[in-house]
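Chemist: Please arrange chain U on chain L, whose structure you already have, making use of the hints.
Protein chains: 2
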Amino acid sequence: MNTIRYPAKKDWPDILARPAMELSSLDKVVQEVFKRVREEGDQAIAEYTEKFDGVKASNFQVPESEIEKAADTLNEKLRKAINTAAFNIEKFHKAQIPKDIQVETMPGVLCMQKAVPIEKVGLYVPGGTAPLFSTVLMLAIPARVAGCSEIILCSPPLKDGTLNPAILYSAKISGVDKIFAIGGIQAIGAMAYGTQTVPAVYKIFGPGNQYVTAAKQIAARSEVAIDMPAGPSEVAVLADETSDPVLIASDLLSQSEHGPDSQVILITVSESIISKVQEALQYQLEKLPRKHFALQSLGHSKIILVSDYDTMIEMVNAYAPEHLIISTNNADELAVRVRNAGSVFIGENTPESAGDYASGTNHTLPTNGHARAYSGVNLDAYYKKITFQKISAEGLKNIGPAIETMALAEDLTAHQRAIAFRINKLKNQ
Amino acid sequence: MNTIRYPAKKDWPDILARPAMELSSLDKVVQEVFKRVREEGDQAIAEYTEKFDGVKASNFQVPESEIEKAADTLNEKLRKAINTAAFNIEKFHKAQIPKDIQVETMPGVLCMQKAVPIEKVGLYVPGGTAPLFSTVLMLAIPARVAGCSEIILCSPPLKDGTLNPAILYSAKISGVDKIFAIGGIQAIGAMAYGTQTVPAVYKIFGPGNQYVTAAKQIAARSEVAIDMPAGPSEVAVLADETSDPVLIASDLLSQSEHGPDSQVILITVSESIISKVQEALQYQLEKLPRKHFALQSLGHSKIILVSDYDTMIEMVNAYAPEHLIISTNNADELAVRVRNAGSVFIGENTPESAGDYASGTNHTLPTNGHARAYSGVNLDAYYKKITFQKISAEGLKNIGPAIETMALAEDLTAHQRAIAFRINKLKNQ
Chain L
1 MNTIRYPAKK
11 DWPDILARPA
21 MELSSLDKVV
31 QEVFKRVREE
41 GDQAIAEYTE
51 KFDGVKASNF
61 QVPESEIEKA
71 ADTLNEKLRK
81 AINTAAFNIE
91 KFHKAQIPKD
101 IQVETMPGVL
111 CMQKAVPIEK
121 VGLYVPGGTA
131 PLFSTVLMLA
141 IPARVAGCSE
151 IILCSPPLKD
161 GTLNPAILYS
171 AKISGVDKIF
181 AIGGIQAIGA
191 MAYGTQTVPA
201 VYKIFGPGNQ
211 YVTAAKQIAA
221 RSEVAIDMPA
231 GPSEVAVLAD
241 ETSDPVLIAS
251 DLLSQSEHGP
261 DSQVILITVS
271 ESIISKVQEA
281 LQYQLEKLPR
291 KHFALQSLGH
301 SKIILVSDYD
311 TMIEMVNAYA
321 PEHLIISTNN
331 ADELAVRVRN
341 AGSVFIGENT
351 PESAGDYASG
361 TNHTLPTNGH
371 ARAYSGVNLD
381 AYYKKITFQK
391 ISAEGLKNIG
401 PAIETMALAE
411 DLTAHQRAIA
421 FRINKLKNQ
Chain U
1 MNTIRYPAKK
11 DWPDILARPA
21 MELSSLDKVV
31 QEVFKRVREE
41 GDQAIAEYTE
51 KFDGVKASNF
61 QVPESEIEKA
71 ADTLNEKLRK
81 AINTAAFNIE
91 KFHKAQIPKD
101 IQVETMPGVL
111 CMQKAVPIEK
121 VGLYVPGGTA
131 PLFSTVLMLA
141 IPARVAGCSE
151 IILCSPPLKD
161 GTLNPAILYS
171 AKISGVDKIF
181 AIGGIQAIGA
191 MAYGTQTVPA
201 VYKIFGPGNQ
211 YVTAAKQIAA
221 RSEVAIDMPA
231 GPSEVAVLAD
241 ETSDPVLIAS
251 DLLSQSEHGP
261 DSQVILITVS
271 ESIISKVQEA
281 LQYQLEKLPR
291 KHFALQSLGH
301 SKIILVSDYD
311 TMIEMVNAYA
321 PEHLIISTNN
331 ADELAVRVRN
341 AGSVFIGENT
351 PESAGDYASG
361 TNHTLPTNGH
371 ARAYSGVNLD
381 AYYKKITFQK
391 ISAEGLKNIG
401 PAIETMALAE
411 DLTAHQRAIA
421 FRINKLKNQ
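In order, the protein sequences belong to chains L and U. The numbering used here applies: residue 1 is where the first sequence begins, and numbers increase by one. The numbering used here applies: residue 1 is where the second sequence begins, and numbers increase by one.
In short, the hints are calculated from the structure, not lab data. Note that the Cβ used here is the ideal one computed from N, Cα and C, for glycine as well. Hints are supplied without guarantee of correctness; some may be wrong.
To be verified - According to the in silico footprint, chain U covers these stretches of chain L (three or more CB under 8 Å from chain U): (1) 82-91; (2) 212-226; (3) 253-266; (4) 339-350; (5) 408-418.
Chain L extracted, bound-state conformation (with noise of 0.2 Å):
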């Protein structure tokens, strides 16, 4: 990892600068793919499969059966271990079940906000080397907590055509209601416009490989909403002479393993810890399976050295990490003062793996700056609130001046008109 001390302010943006993610480039590419599926259905569905993923399919729907004995194969300590993360997940996500709200902000003018459900929900779990079940539990737990009636899954399948079980599973336990083995760009398309058997879905969730992130933000631009733009993973972590350089390693490889373009920052205000952070790095990445991934990652890594915590915080926010690991004896004291974050691991005993998946927070987060803006995924995702409102004679007659006078200084008089035109009829009763 590079060492960066005391840099100066007008720095800061070079030094936190993400690599430019350009997906326009990719544009044709998904806007072909999507024509097809929206032409063809599973006939483009079942070719696309055959290409990418070397699967031949006629039938993309995992079934019953298939699922049912997933929990059977699946060993008794995993399925231990996905029932506790997926019960502390619906316990922290039932928590945030928005409550109605009504006003009556003028005498009879009653204004109400009521969250409803997004009817049909697809969830996206990418594949790869490892099979991402945690990310099944992330999305599929609050789509059922909010009440979403149709909850489909689409993953990329196995070379044999099937899902892992692990997938299934979790599916299973969260409530999914149809899991399909499509992935890709394909799978994007099948859920924004529906195909023979996949139905098409309202909004779509989910991590991918910039494909899957492109054809999401095509398909936003029409059709569908999307949860967030996707970006590699990363974590910034803040150190002081407090810290364990064991732990503070521990945390950094385990966000440089997930890919090579994953993002590590170290922020500190010890020097003394760097080169113990160093060596314990060197010491822990002998032993990784997945050295190769976390070597690339380092090599653009950085550790920065601040004068004090106020910088420090300063230029968390200005970074605005998907993860923040505080692991500071002030770690409470530094946490209130983040604005700009996913999520936030507080202390030593925090590592991030808690949160990527059993402590119950959601591991779908805002990368690439976006926490400046976005929250990461959680059960207002999964509601639109809907405003009502209903106004009394007397209401009316309170407001209604108001309403004809802005009405008409906008030059719309068929709005002033609906107004007085009740006046008049109020008046006449």
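Modeler: Chain U alone, transformed into the frame defined by chain L:
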């Protein structure tokens, strides 16, 4: 208005379809303007302002003195009306302030969620035939209530380079920090990337024409968040034999006067009201200043007769209108069955004009069927929700094994070790 009687359900999608909005043809011009704004800043803004607005300006920020003056030049009646609306909007949005959430998911595993205001927001208020000062209130008041620390506003200059005093006055009382007389793609570019005088923001709100909408969509692919995709305004009105045809017609015209592309639908269970509404429309149209817009809009608008209330509600939920006016005696019963709509107006005394201006609900709402997945602008839109977790030694012992099992099952060894190192350390303490 075209009347359709008892349509078969298979024909609903065609009947309820909106005109296709294909904005990607505008991408090239947006990208060109964005590139110049990024590279040349204010110089590019000046050139585009001269080209598109016919205004030569070197300073786009409206001076404090001009804003102060606006309050004096505005007539007393309009000022009071704006104050009334602002009061109600503030009251309803204050009721939406989210509470912090704190849950111990397992003994020693504390999960929290905190809403933190987005620091920098940019509001876009379109120009055009009338000054949309009501949109200023709708976008800026929630930003101030949420506690956004920098609120800026862009709106295209009038021919003399100024902004309408009603816009300036509304911005002032809503707590806008800086006002810029900049419109169109260049305004979105300025707020997304920043220039010498316009600060870059983290989220852009507000309606606009197709150029502004395309610009927001492209900006949202990388730099900033946006409120929602915008489209032509819409209303669905529900009527039965208890409804007043004159009031129904006034509501239909309120929507259709917005512009030729406004979407207006009347769904009724009463055959007899149809001709009465048509008559009232004819009568009211004659005296309408914006008759030319209303006629074009009504030309593609529909009256749909259905057999019962169940079908009526099913059709509304399939259409997902931006505005829904329920002008029947059983409006309350029908309102609780609405699943997809932006804002709902309950009963004869609650016209859309009320919510457009002053009841307190927001008028920035999802169009084009997006109400299936998007909320209208509400206080949530000005926050991001950050999660926090804090695990005690006891908590880590409780939750650690499940995390280790799951991490290994996802082939993420460093994630497992981040737990193992900590549990070992606790054992040795």
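Chemist: Kindly indicate which numbered hints from before are broken by the structure, ordering the numbers from low to high.
Modeler: The structure breaks none of the hints.
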